[in-house]
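Chemist: Produce the entire structure from the sequences given, and follow the hints as far as they go.
Residue numbering for the sequence shown follows UniProt numbering, beginning at 1 and increasing consecutively.
It is possible that some hints are incorrect.
[Said to hold, decoys possible] Derived pair list, reagent style DSS-like, types lysine-lysine, alpha-carbon separation capped at 27 Å:
1) Lys-127 / Lys-62
2) Lys-206 / Lys-240
3) Lys-206 / Lys-256
4) Lys-27 / Lys-206
5) Lys-27 / Lys-66
[To be verified] So the derived label-pair ranges between C-beta atoms look like this:
6) Arg-117 / Ala-137: 12 to 22 Å
7) Glu-275 / Arg-181: 28 to 38 Å
8) Lys-62 / Arg-259: 38 to 48 Å
9) Gln-61 / Gln-34: 11 to 21 Å
None of these hints come from the bench; they were simulated from the model. Yeah, the Cβ is synthetic: ideal placement off N, Cα and C, and Gly gets one too.
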Amino acid sequence: MAKTAAPQRDGVTVVIPAHNVAAQLEKALPAWGQLLGTLNRPFQILVVNDGSTDETAAVLQKLAGKVQHFRALAHDTRRGFGACLRTALAETTQPLLLYTGTDAQYTPSDIRPMLERVELRDEIFGKQPDLISGARAGSPRPAVMKWLGWTWKLFWRVFAGLPMNDAPPWYGWGEWWYRTRVGWVFGVPLADINSAFKLYRTTFLKRFPIQSDGDFVHAELVAKATFLTSIMDEVPLTPKSEPHPPLGPVSADRAKVFRNPAFAFPPEPQPSPPEPPAQPEPALDAGSTVPTP
Numbered sequence: 001m002a003k004t005a006a007p008q009r010d011g012v013t014v015v016i017p018a019h020n021v022a023a024q025l026e027k028a029l030p031a032w033g034q035l036l037g038t039l040n041r042p043f044q045i046l047v048v049n050d051g052s053t054d055e056t057a058a059v060l061q062k063l064a065g066k067v068q069h070f071r072a073l074a075h076d077t078r079r080g081f082g083a084c085l086r087t088a089l090a091e092t093t094q095p096l097l098l099y100t101g102t103d104a105q106y107t108p109s110d111i112r113p114m115l116e117r118v119e120l121r122d123e124i125f126g127k128q129p130d131l132i133s134g135a136r137a138g139s140p141r142p143a144v145m146k147w148l149g150w151t152w153k154l155f156w157r158v159f160a161g162l163p164m165n166d167a168p169p170w171y172g173w174g175e176w177w178y179r180t181r182v183g184w185v186f187g188v189p190l191a192d193i194n195s196a197f198k199l200y201r202t203t204f205l206k207r208f209p210i211q212s213d214g215d216f217v218h219a220e221l222v223a224k225a226t227f228l229t230s231i232m233d234e235v236p237l238t239p240k241s242e243p244h245p246p247l248g249p250v251s252a253d254r255a256k257v258f259r260n261p262a263f264a265f266p267p268e269p270q271p272s273p274p275e276p277p278a279q280p281e282p283a284l285d286a287g288s289t290v291p292t293p
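Modeler: Spelled out as structure tokens, the structure:
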């Protein structure tokens, strides 16, 4: 009896924005190529050189022939994480897209459980997730936050009879205040909003324009997924001891998205109708004269 071939699984594009990270790329890029080659699915790797002034361009050129299905894109000047996603999205060829940073917070093998989750279907409507986000491990919570969390859970349990989930990981006071504001204003439900390790369906990302140029893009995409009632999930990433890098400027992008959120691309200009061809002048018979006024 002939064996049936395994169904083709959706391919994945890994997008890596890179700015002055030559040393990290020399390790991260081969690791990604090796891992993706074991997943038994089509893949491509797009690295966007975001106006680097170090040896990033030289490293990418050196690795071009060593890493399978790898392609380098480039910006002349630094434009930001969101701008890198826009550039890469125009070149992706796979149904799934994962973006990640080059720092030591992220482990390539963490993509495996995310790819498993994105293939699950909703039991009622049969829909699949549009977004799977990786949540970084946090540090120990301050005593005051432990006390507030315990009091909050007790209040809802006693007075409303509702069990509350455990508090999200602790990433510091700045991240806590940022997550609180973004949650209130944009309704973002994730614990680790700023994780740069997220898996999306490419068709979802191409439904609307990415407005943010910088790091606010993490919150923008999740906020739009929430508004569009997309199914999303969050999975824990491999714990790391490295400190979380600070978030880049977000004020301008946050104001832009809040004041005028774009959920559709502007219509393309329609070409003007061609002008009708000029009618030829009627020919005169021999011996006829042109009338004078």
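Chemist: With reference to the structure, classify each hint as holding or not holding.
Modeler: Each hint, compared with the structure:
no., hint, verdict
1, Lys-127 / Lys-62, "violated, 42 Å"
2, Lys-206 / Lys-240, "violated, 32 Å"
3, Lys-206 / Lys-256, "holds, 19 Å"
4, Lys-27 / Lys-206, "violated, 31 Å"
5, Lys-27 / Lys-66, "holds, 12 Å"
6, Arg-117 / Ala-137: 12 to 22 Å, "holds, 18 Å"
7, Glu-275 / Arg-181: 28 to 38 Å, "violated, 56 Å"
8, Lys-62 / Arg-259: 38 to 48 Å, "holds, 44 Å"
9, Gln-61 / Gln-34: 11 to 21 Å, "holds, 20 Å"
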